[in-house]
Amino acid sequence: MIESIPLPIVDDPADRAFWQGCDEGRLLVQACKQCGHRQHPPRAMCPACRSMELGWQECAPTGRLWSYVVPHPPLLPAFAPLAPYVVGLIIPDGLPGIRMVGAIVASAEEGIGSVAPAEIAIGDRMRLTFVRLAEDVALPCWVPDAACAPSEREEKP
Amino acid sequence: MSDRAALKDRTAIVGIGQTEFGKNLEHTELQLACMAIRNALDDAGIDASDVDALGCFTQETTPEFEIARNLGFGELHFFSQVAHGGGAVCGAIGQVAMAIALGIAKVGVVWRSRKRGDPSKRQWAGVQPRIDDHWKWSRPHGLSRPVDEVAMLMRRYMHDHGATREQLAAVALTQRAYARRNPDALMRDREMGLEDYLEARMISDPLCLFDNCLESDGAIAIVLTATDRAADCRHRPALIHAFSQGMSREHQLMTDYHGADPFVSSSSATARNLWRHSDLAPPDIDVAQIYDAFSPLVLFSLENYGFCGRGEAAAMAGSGALGEGGQLPVNTSGGSLSEVYLHGANLVTEAVRQIRGTSPNQVSDARNCFISTCDSTPNGALILRRQ
Numbered sequence: 009m010i011e012s013i014p015l016p017i018v019d020d021p022a023d024r025a026f027w028q029g030c031d032e033g034r035l036l037v038q039a040c041k042q043c044g045h046r047q048h049p050p051r052a053m054c055p056a057c058r059s060m061e062l063g064w065q066e067c068a069p070t071g072r073l074w075s076y077v078v079p080h081p082p083l084l085p086a087f088a089p090l091a092p093y094v095v096g097l098i099i100p101d102g103l104p105g106i107r108m109v110g111a112i113v114a115s116a117e118e119g120i121g122s123v124a125p126a127e128i129a130i131g132d133r134m135r136l137t138f139v140r141l142a143e144d145v146a147l148p149c150w151v152p153d154a155a156c157a158p159s160e161r162e163e164k165p
Numbered sequence: 031m032s033d034r035a036a037l038k039d040r041t042a043i044v045g046i047g048q049t050e051f052g053k054n055l056e057h058t059e060l061q062l063a064c065m066a067i068r069n070a071l072d073d074a075g076i077d078a079s080d081v082d083a084l085g086c087f088t089q090e091t092t093p094e095f096e097i098a099r100n101l102g103f104g105e106l107h108f109f110s111q112v113a114h115g116g117g118a119v120c121g122a123i124g125q126v127a128m129a130i131a132l133g134i135a136k137v138g139v140v141w142r143s144r145k146r147g148d149p150s151k152r153q154w155a156g157v158q159p160r161i162d163d164h165w166k167w168s169r170p171h172g173l174s175r176p177v178d179e180v181a182m183l184m185r186r187y188m189h190d191h192g193a194t195r196e197q198l199a200a201v202a203l204t205q206r207a208y209a210r211r212n213p214d215a216l217m218r219d220r221e222m223g224l225e226d227y228l229e230a231r232m233i234s235d236p237l238c239l240f241d242n243c244l245e246s247d248g249a250i251a252i253v254l255t256a257t258d259r260a261a262d263c264r265h266r267p268a269l270i271h272a273f274s275q276g277m278s279r280e281h282q283l284m285t286d287y288h289g290a291d292p293f294v295s296s297s298s299a300t301a302r303n304l305w306r307h308s309d310l311a312p313p314d315i316d317v318a319q320i321y322d323a324f325s326p327l328v329l330f331s332l333e334n335y336g337f338c339g340r341g342e343a344a345a346m347a348g349s350g351a352l353g354e355g356g357q358l359p360v361n362t363s364g365g366s367l368s369e370v371y372l373h374g375a376n377l378v379t380e381a382v383r384q385i386r387g388t389s390p391n392q393v394s395d396a397r398n399c400f401i402s403t404c405d406s407t408p409n410g411a412l413i414l415r416r417q
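Residue numbers (our numbering), protein chains in the order written: chain A, 9 to 165; chain B, 31 to 417.
Please keep in mind that the hints were generated in silico from the structure rather than gathered at the bench.
Among the clues, some could well be false.
Claimed, not checked - Examples of chain B residues lying across from chain A (beta carbon under 8 Å, computed): (1) Gln158; (2) Ala181; (3) Ala290.
Note that this is a predicted model, so its numbers are computed, not measured.
All C-beta atoms in this analysis are idealised placements derived from N, C-alpha and C, irrespective of residue type, glycine included.
Construct the complete structure from the given sequences, taking the supplied hints into account.
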C-alpha cells in the first residue's frame with residue numbers, strides 16, 4: 009500500500025491545461041470551442057458535437073456544497089491520520105451542471121482534515137483554494153465561507 | 031419470431047453450486063472454483079464433458095483454460111468475460127444464455143471465486159502513487175474507497191427526501207434477519223438490532239460498518255442450458271425470462287455523480303430494456319435479489335427499477351416491505367451484507383432456490399425472481415421464472 013497521498017498524472021493531453029490552471033491558482037472547466045458544451049471531468053472529445061477542439065473557461069472562485077462524506081478508517085496510510093475529514097462535491101457558481109470533488113479545508117496551509125465535520129452542511133457556500141500536494145500538483149479544495157449565514161443555506165428542492 | 035422472443039424463456043439455470051464461505055479459507059481460488067463448479071454440475075445432473083461455454087468476470091483470477099482442463103470439460107465454443115466487478119454477474123449469465131439460445135453452445139458454466147477475507151485484497155488499497163484514469167478526480171482528495179463514493183450520494187438522498195438512518199438501517203436489519211435462518215450465511219449466529227446499527231462505528235459518514243458488505247472467501251457456480259434440455263436435469267429449472275445490461279449516459283464508474291441527475295444510474299438504462307423484454311412488470315415480481323455491497327445501493331436500485339417512486343425507497347424499506355411477508359422480500363439469503371460477499375453471485379443462487387422452492391426464507395409460491403447488480407457501475411439484471 010502506498011504511503012503518500014495518491015496524485016494525478018498531470019501531463020495527459022486531455023487535462024494538462026486543468027492542472028496547469030491549478031498550478032497558477034485558476035480553476036478551469038472544459039468548454040467546447042465548437043458548440044460551447046461545458047464538462048467536468050475533462051474528456052478527449054466533446055460528447056455534444058464530437059469536436060476535439062476543447063478549450064477552457066475559468067470558474068468563479070466560489071460555489072455551493074452539493075453533498076459531502078466524512079471518511080473514517082480503514083484508509084490509506086496517508087489519509088488515516090487526517091480522519092475524520094470532509095470531502096465534498098461542489099457546484100461552482102454560474103456552472104449549475106458541473107459538480108467537482110473537493111476536500112473541504114480550513115485553509116490551504118492546514119489542508120485535508122482541518123475542518124470539523126459538525127460545522128458543514130449541504131448547501132453551504134464555499135470559497136476556492138489550492139492545497140499544494142507536490143511540485144506539479146496543486147489540488148483545488150474549498151474553504152467554508154464564514155460570511156455565509158445559516159439562512160443562506162440551500163433550501164430543500 | 032420477434033427479436034424480443036429470441037432469448038425469453040429459452041434457457042434456464044439448472045445447477046447451482048458453492049463452497050463453504052468464510053475468512054482465510056485454506057483452499058486457493060482455483061481449488062474453490064473447481065469445487066463450486068463440480069457441485070453445480072452434480073446439482074444439475076450434467077456431465078462435465080458436456081460443458082462447452084463459460085462466462086466469468088474480468089476480475090476473476092482463475093482463467094478459463096485452468097477451469098476447463100481441471101474439470102475435464104469438452105471442447106469449448108463460447109467464453110466471455112464481463113467487467114465492472116459487482117456489476118458483472120447478470121451480464122456473464124446473460125451472455126452465456128444468449129450463446130445457448132442462438133445454438134452456438136449447449137451447456138454453460140458461470141463462476142466467481144474470491145478470497146476477499148484478507149484486508150490486503152481490498153482493491154482500493156492497491157492504488158498507485160500516480161493515477162492516470164478517472165480516479166484522478168477524486169482519490170487525491172481522500173475520496174478513496176467505493177464506500178465513500180456511495181456515501182456521497184446517500185447523504186444527498188437523505189437531504190433531498192428526508193430519509194433517516196433508521197430507514198436505511200432497515201436494509202441491513204432485514205437482511206440480517208434472513209441470514210439468521212440461512213445455515214450457510216456467515217452472520218447466521220449474529221443477532222443485530224437497531225441499537226447495534228446506530229452505535230456501530232462510521233466507515234464513511236453517513237454510512238456505518240453495517241452498511242458495508244462482508245469481506246469473505248468462497249466460490250459459487252451456475253450451470254445453464256437450453257430449456258428443452260432442462261427437463262432432464264435434477265431440479266425444477268429457473269427459466270431466464272428477461273435479461274439486459276445497462277450503462278447510463280455520461281456514466282462514470284463508481285464516481286457516478288457528474289451527470290445531469292446522479293440518481294438516474296446505469297440501473298435505469300438496464301431497467302427500461304429489461305422490462306421491455308419481459309412479460310412481467312415491477313408489481314408482478316414475487317421476490318428480488320438486489321446488489322448490496324453497500325446498503326444504499328438497494329434503495330437506489332428499488333427506485334431505478336421502478337419498484338417504488340423517486341425518493342420513496344427509504345420509507346419503503348423502513349415500513350418493513352423488504353422483510354418476510356412484506357410487499358417485496360429482498361435479499362432473502364442475507365445478501366452481501368449478511369450471507370457472503372462474492373460480487374453478487376450469491377444473489378443468483380438464492381434466486382434459483384426461490385424458484386425451486388428451497389430457500390431458507392422461502393417466499394410462498396414464488397413464481398419469479400428479479401436479480402440486479404451494482405447500481406454504481408455499468409450493470410445488468412435478470413428475471414428468472416418457473417416454467
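For each hint, the structure was consulted:
1. The restraint placing Gln158/B at the interface with chain A holds, with a minimum CB-CB distance near 7 Å, inside the 8 Å limit.
2. Here the hint on Ala181/B is kept, as its CB sits about 4 Å from the closest CB of chain A, short of 8 Å.
3. Annotation: Ala290/B was flagged as interfacial toward chain A, and the flag holds, the nearest CB pair being 7 Å apart, inside 8 Å.
Hint compliance for this structure: no hint is broken.
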